[in-house]
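Peer 1: Take a look at the letters that make up each chain.
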Amino acid sequence: MTGLKELMQPHRIVMMLIFAGLVIWCAVSLRWDWLPKYAPLALEGLWTTIWILAASLVIGFLLAVPLGLAQAVGPWYLSIPARTFCTIIRGTPLLLQIWLLYYGLGSLFPQFPWIRSSELWPYLRQAWPYAVLALSLSYAGYEGEVMRGAFSGVAKGQLEAAKSFGMPRFTMFRRIWLPQAIRNVLPTLGGETILQLKATPLVATITVVEIYSVSSRVRSDTFIVYEPLLLLAVVYMAIAGVITLAFRRFENG
Amino acid sequence: MTGLFELLGLGASAELLSLSGWGGNLLRGLANSLQIAFGAYGLGLVIGLFGAYGKLYGGKVTRDLLAIYTTVIRAVPELVLILILYYVGSDIINKISEGLGGGRVEINGVAAGIWVLGVVQGAYATEVLRGAIKAVPVGQIEAAKSYGMPAFMIMRRVTIPAMMSFAVPGLANLWLIATKDTALLAVVGFNELTLETRQAASSTRAYFTFFLAAGFLYLMVTLCSGAVFARVEKWARRGQPSLKGGTS
Numbered sequence: 108m109t110g111l112k113e114l115m116q117p118h119r120i121v122m123m124l125i126f127a128g129l130v131i132w133c134a135v136s137l138r139w140d141w142l143p144k145y146a147p148l149a150l151e152g153l154w155t156t157i158w159i160l161a162a163s164l165v166i167g168f169l170l171a172v173p174l175g176l177a178q179a180v181g182p183w184y185l186s187i188p189a190r191t192f193c194t195i196i197r198g199t200p201l202l203l204q205i206w207l208l209y210y211g212l213g214s215l216f217p218q219f220p221w222i223r224s225s226e227l228w229p230y231l232r233q234a235w236p237y238a239v240l241a242l243s244l245s246y247a248g249y250e251g252e253v254m255r256g257a258f259s260g261v262a263k264g265q266l267e268a269a270k271s272f273g274m275p276r277f278t279m280f281r282r283i284w285l286p287q288a289i290r291n292v293l294p295t296l297g298g299e300t301i302l303q304l305k306a307t308p309l310v311a312t313i314t315v316v317e318i319y320s321v322s323s324r325v326r327s328d329t330f331i332v333y334e335p336l337l338l339l340a341v342v343y344m345a346i347a348g349v350i351t352l353a354f355r356r357f358e359n360g
Numbered sequence: 016m017t018g019l020f021e022l023l024g025l026g027a028s029a030e031l032l033s034l035s036g037w038g039g040n041l042l043r044g045l046a047n048s049l050q051i052a053f054g055a056y057g058l059g060l061v062i063g064l065f066g067a068y069g070k071l072y073g074g075k076v077t078r079d080l081l082a083i084y085t086t087v088i089r090a091v092p093e094l095v096l097i098l099i100l101y102y103v104g105s106d107i108i109n110k111i112s113e114g115l116g117g118g119r120v121e122i123n124g125v126a127a128g129i130w131v132l133g134v135v136q137g138a139y140a141t142e143v144l145r146g147a148i149k150a151v152p153v154g155q156i157e158a159a160k161s162y163g164m165p166a167f168m169i170m171r172r173v174t175i176p177a178m179m180s181f182a183v184p185g186l187a188n189l190w191l192i193a194t195k196d197t198a199l200l201a202v203v204g205f206n207e208l209t210l211e212t213r214q215a216a217s218s219t220r221a222y223f224t225f226f227l228a229a230g231f232l233y234l235m236v237t238l239c240s241g242a243v244f245a246r247v248e249k250w251a252r253r254g255q256p257s258l259k260g261g262t263s
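Just so you know, the sequences run in chain order A and B. Residue numbering for the first sequence follows the working numbering, beginning at 108 and increasing consecutively. Residue numbering for the second sequence follows the working numbering, beginning at 16 and increasing consecutively.
So here's chain A without its partners, still in its complex pose (with noise of 0.2 Å):
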């Protein structure tokens, strides 16, 4: 360990001290006793958090590579709709985005019966699909920018030489473009995934029971405020955490 030095500072150790104190007290004087009948539902909640994390940010990450490509060297005709889709996504708040898919399809599907004798119904009457949907939508209009810039900075004198040896054009973007422009943008990456993370809690206001769902119920059902809240924002800090160290695994790696 590097950092133990510069943490066994006079001053931090005091101010550790009374981090330390004051987590004691909050675990002595708060209010717990809810937590034992809570932790499977938020187990569950926890769960489905970051399965809806994982899975938007792919879903997310493979519409983001084509549009950030249109953008960079697509024709017009390719250029401009993926530009007005990062700029309408990029403008508006992600929770009038949620409740329009919600509420919006979800009020048109019904009306056709050919979507409700589909088999695809089941699932369309849940609230998930709708959540992964919007968050992988905002995901993607917010990389696709990102991946913009990444596909036009990767060195012009790279692409020339994989063509000078006659590489076909896929297997040029494969081995090359695509690995390089990801690279150079890891760290953008990390950042916007955590705030990915933070979009998450929204998809609470349609009915996903994830996390934050959890906390707003132990408070509905038991009227303590504070505590689950806390706690809340405790798994996220922690959730932030692994993601930052994940990405600094994958930068130095």
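Please note: incorrect hints may appear among the correct ones.
EDC-like mimics (lysine to aspartate or glutamate), calculated; alpha carbons at most 20 Å apart, straight line [as the list claims (entries may be wrong)]:
| # | chain 1 | residue 1 | chain 2 | residue 2 |
| --- | --- | --- | --- | --- |
| 1 | A | Lys305 | A | Glu113 |
| 2 | A | Lys305 | B | Asp79 |
| 3 | B | Lys149 | B | Glu248 |
| 4 | B | Lys149 | B | Asp79 |
| 5 | A | Lys144 | A | Asp328 |
| 6 | A | Lys144 | A | Glu334 |
| 7 | A | Lys112 | B | Asp79 |
| 8 | B | Lys75 | B | Glu142 |
| 9 | B | Lys75 | A | Glu334 |
Pair by pair, the computed Cβ-Cβ distance ranges are [to be verified]:
| # | chain 1 | residue 1 | chain 2 | residue 2 | range |
| --- | --- | --- | --- | --- | --- |
| 10 | B | Ala46 | A | Met115 | 48 to 58 Å |
| 11 | A | Cys133 | B | Gly116 | 30 to 40 Å |
| 12 | A | Glu267 | B | Thr219 | 42 to 52 Å |
| 13 | B | Gly124 | A | Val121 | 50 to 60 Å |
| 14 | A | Cys133 | B | Leu238 | 43 to 53 Å |
| 15 | B | Met164 | A | Leu185 | 31 to 41 Å |
| 16 | B | Pro152 | A | Ala353 | 36 to 46 Å |
| 17 | A | Val135 | B | Leu234 | 45 to 55 Å |
These are computed hints drawn from the structure, not numbers from a lab. Every residue gets a Cβ at the ideal spot worked out from N, C-alpha and C, and that includes glycine.
With chain A fixed as given, assemble chain B onto it according to the hints.
Peer 2: Frame of chain A; chain B shown alone:
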């Protein structure tokens, strides 16, 4: 095709959106949103300026405390922070009012929104301004010091004008975040644009009409602020050599 149009309510949407119908509510919501965004942005800038100075020139303890503030605020979702700050704020005000012998106070929605979002914005503004102040050449500040300028005058005459060009892009981003974050206050029940929209939409069942209209309003705010900030940036960069083309 006409069936689809009827389904989306395009024919009736103009009537629904008229000012005498729900359109007035939407515009009132927009006014509330903008009011909160302006207030929160201003409060955030003030906190950010003090925070940046504290982080750069403050003592060890100040610096560590500010580091904790910015890290925690940036790692916890805004929605959770809004709830925590909202309850803390109303508890404190009620305690004070009870101490003074008054009853429970009804919290003004706009003031609460500004307080909550301002504290969140302050953390981001601290980082933006700290970076901008650090980008100002040290020599300029040292020169001002050697002339015997007091600290506040250095800030007003040297540091702030010189850092503006570095800070404007980040501050523009923050303003956009502020306008979009006002939507989160809908969850706590403030009558800003998103909540007004949802109420209008659920009572008329014309979801697409209202959500698209609100999206359009937000987009207009974003695009207009983009134009304004482009001018501000040009103003902040006045006198600096252009990087494009080499000759200015």
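Peer 1: Would you mind marking each hint as holding or not holding in the structure?
Peer 2: Hint check:
1. A:Lys305 with A:Glu113: violated (30 Å)
2. A:Lys305 with B:Asp79: Not satisfied, since the Cα-Cα distance of roughly 24 Å exceeds 20 Å.
3. B:Lys149 with B:Glu248: holds (18 Å)
4. B:Lys149 with B:Asp79: holds (18 Å)
5. A:Lys144 with A:Asp328: holds (12 Å)
6. A:Lys144 with A:Glu334: holds (14 Å)
7. A:Lys112 with B:Asp79: It holds: about 15 Å lies between the C-alpha atoms, which stays within 20 Å.
8. B:Lys75 with B:Glu142: holds (17 Å)
9. B:Lys75 with A:Glu334: violated (31 Å)
10. B:Ala46 with A:Met115: 48 to 58 Å: holds (53 Å)
11. A:Cys133 with B:Gly116: 30 to 40 Å: holds (31 Å)
12. A:Glu267 with B:Thr219: 42 to 52 Å: Since Glu267 of chain A and Thr219 of chain B have Cβ atoms about 58 Å apart, the given range 42 to 52 Å is violated.
13. B:Gly124 with A:Val121: 50 to 60 Å: Distance hint for Gly124 of chain B, Val121 of chain A is violated at roughly 40 Å.
14. A:Cys133 with B:Leu238: 43 to 53 Å: Check passed, 46 Å falls within 43 to 53 Å.
15. B:Met164 with A:Leu185: 31 to 41 Å: violated (55 Å)
16. B:Pro152 with A:Ala353: 36 to 46 Å: Holds: the Cβ-Cβ distance is about 37 Å, inside 36 to 46 Å.
17. A:Val135 with B:Leu234: 45 to 55 Å: Hint holds: Cβ distance 51 Å, inside 45 to 55 Å.
Violated hints for the displayed structure, listed by number in ascending order: 1, 2, 9, 12, 13, 15.
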